[in-house]
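Chain by chain, the residues run as shown.
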Amino acid sequence: MRVLCVDPDTDAGRATGTAIRDAGIDATVCGTLREAREALDDTVAGVVTEYDLPDGTGLELVDAARDVVPDATCVLFTDAAFGDLDTAALGTTVVEYVDKGSPDAHDELVDLLTFSIDNRSQTAYPLPPNEEARLDAIERYVAKPDALDASLERLTTVAAALFDVEAATVGFIEARQERFVACHGTDVDSLDREDTVCTYAILDDGVMVISDTHDDPRFDTNDALDDADIRFYAGAPLRTDEGEAIGVFCLFDPEPRTFDAADRELLSTLADEVMANLELRRRLRAATGEGDE
Amino acid sequence: MSEYRFEGLPLDPVRGGTSILVAGPAHGGTRELAYRMLVGGDEEGVIVLTTNTTAADIAAECETVGIEATPDRMGIVDCLDSDESGVPARVLTVSSAQDLTGIGMRYSKLYREFHEEGREAVRTGLFSISTVLSLTELQTVSRFVHTLVGRVSKVDGLGVFLVDPAMHDERELRTISQFCDGRIDVREGPELRSQGFLGSDSEWVTFDTLAE
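Top line first, the protein sequences correspond to chains A and B.
Following this note's numbering, the numbering of the first sequence begins with 1 at its first residue and continues without gaps.
Following this note's numbering, the numbering of the second sequence begins with 1 at its first residue and continues without gaps.
Among these hints, one or two may not hold up.
Unchecked claim - Here are the in silico distance ranges between beta carbons for each label pair:
#1 Thr206/B with Leu284/A: 25 to 35 Å
#2 Gly118/B with Ala261/A: 35 to 45 Å
#3 Asp241/A with Arg171/B: 27 to 37 Å
#4 Ala81/A with Gly118/B: 53 to 63 Å
#5 Ser2/B with Asp187/A: 47 to 57 Å
#6 Pro71/B with Asp111/A: 36 to 46 Å
#7 Met167/B with Pro256/A: 45 to 55 Å
#8 Leu162/A with Pro165/B: 34 to 44 Å
#9 Leu135/A with Ser202/B: 41 to 51 Å
#10 Asp42/A with Thr64/B: 48 to 58 Å
#11 Gly86/B with Leu135/A: 48 to 58 Å
#12 Asp41/A with Thr206/B: 49 to 59 Å
#13 Asp229/A with Met167/B: 47 to 57 Å
For the record, the hints were derived by calculation from the structure and aren't laboratory data.
The C-beta atom is built at its ideal place from N, Cα and C for all residues, glycine as well.
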C-alpha cells in the first residue's frame, strides 16, 4: 500500500512524503501530472496532490486515479485560494481537502489520510456494517482461492443449465475487488468492487434480483455490465454461520427476465452448497493445519 | 465522545459521528424536522450545505427553529451562488450544486475554522440530496455522501441529510440510506418514524415543526 504525493515544489513534495512515511505509509513523490499518472497502479491506496501542476491539475490526476484505483482516498492538498481553483470543471471527482498553508497542515493531512484509508470512506458504494469481520471471514474460509476452481466450477455449470441462463459465477468480495473463483459461460478473474452488482447483493439478506440492469438507477450507467453484455442478474450471498456475506453465487444473462420465488429458493440452495463446501475445507485445514490443495 | 440531543423531538440522543437520512415530502414538516435536528447548545457549531435554498433563507429558517445564525457558530455553503450580503452567518458560495468537489472543500474549510475556534461539536445539514441526485449520477453522489459521512464520523459530528422520496427510485434511496447510520421517514401529520437507535421503535409518532 502506498500513497502518491504530487507537488511541483520539490521541497514541499518531499516534506509531505516524509510526513506520510513517518505515519508508516509508503509514499511516492512526483512533480508532474505525467509522472504521477505513470506511477498509478493497484498498489496506490491514496493520492495527495497540489491543484496546480506543470502539465495539468490535481483534479485531472484524481479523475485518472478513479479509473485505476476507484476506492483510493484522494486529497487536494493546496494553499491556493478557492477563487483560483476551477473545481466546477471536474466537480464530480469528489476529494477531501486540506489547506497546505495552515500551521499544522501535515498533521491534519496524515490524520485525515490514515482515517480515510482505514475506513475506506471514499468508495462509491456502501460497505456492509460488518465489513472488517467480513474480510476476516474471507481469510478464514478461502485460504487459496485458486484451489477452489474445480469443485465450484461444476456447480456453476449446473446452475446455468438449471436456470437456463448464459453465465453463472461464484465470487468473493474482497476489500477492493470481486475475485471470481468459478465461472461458467464467462471468463473473468476479477472486477473492481464499484463495477460489480455483487457489491450490492451482499448488503441484502436474501437473493438480489435485477430483472433489467438498464432499468435500475444503480447500474444503468455501468459500462462494465454493458461490456460484459449483462442485462439480467440474480445473486445469492454466501453467508457464514456468523452472518458475514463473503461472496455471491450469481447468474447473468444478456436478456432481461423474471425470477420467481422458487428460483430464488433454488439459487439460495446452491449458495448454501458452496458454503458447506467452504466450511468443510475450513475444518479440514483447522484439523490438519494445512492450506487448500 | 460527544452526544447530540434533539430537544423537543421524539428522538433519542445519538453519539458523535452519526449521520441520519431524513426522508419525507418537501412540504409537510420534513424540512422543519431537519432544521430542528440541527438545534444544539450554544457551544455547538452548525454548517448547512444548501443546494436549493439561498443562504439568506437558510439563515432565516434556522432562526425560526431557534438556531442563532451568527458567524461564530453558523456556516453555510451556498450552491446557488446567491447574494450573501446581509446574511448573518459565515457564507461560502459555490457556482453550482454539480460542483461536489467545490462543496466538499468549502465544507472542510468551514469545519476547520470552527474546530480552530474551539467548537468541538458541529451539526451538519445537507439540504438536499434530492437536488444533487437530480443533477449528478448516483455513483458520484454516493461517493460524495460517503465522503461527507466519513468526515462527520471522523470529527464526531452529526450529519442530517434531507431527501424527498417522491423524487427518487426506492433503490436509489436505499443506496443513499446505506451510507448513513440511521433513517427517519416523515409523513403528513406531521409524523416521523425512525429506526431503533433513534428511539421511536418503528412506530409513527407526531412531532412539532416549531420549537416551543
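Hints and how they fare:
no., hint, in the structure
1, Thr206/B with Leu284/A: 25 to 35 Å, "violated (59 Å)"
2, Gly118/B with Ala261/A: 35 to 45 Å, "violated (58 Å)"
3, Asp241/A with Arg171/B: 27 to 37 Å, "holds (29 Å)"
4, Ala81/A with Gly118/B: 53 to 63 Å, "violated (25 Å)"
5, Ser2/B with Asp187/A: 47 to 57 Å, "holds (52 Å)"
6, Pro71/B with Asp111/A: 36 to 46 Å, "violated (26 Å)"
7, Met167/B with Pro256/A: 45 to 55 Å, "violated (25 Å)"
8, Leu162/A with Pro165/B: 34 to 44 Å, "holds (38 Å)"
9, Leu135/A with Ser202/B: 41 to 51 Å, "violated (31 Å)"
10, Asp42/A with Thr64/B: 48 to 58 Å, "holds (51 Å)"
11, Gly86/B with Leu135/A: 48 to 58 Å, "holds (52 Å)"
12, Asp41/A with Thr206/B: 49 to 59 Å, "holds (56 Å)"
13, Asp229/A with Met167/B: 47 to 57 Å, "violated (32 Å)"
Violated hints, listed in ascending order, are 1, 2, 4, 6, 7, 9 and 13; each of the other numbered hints is respected by the structure.
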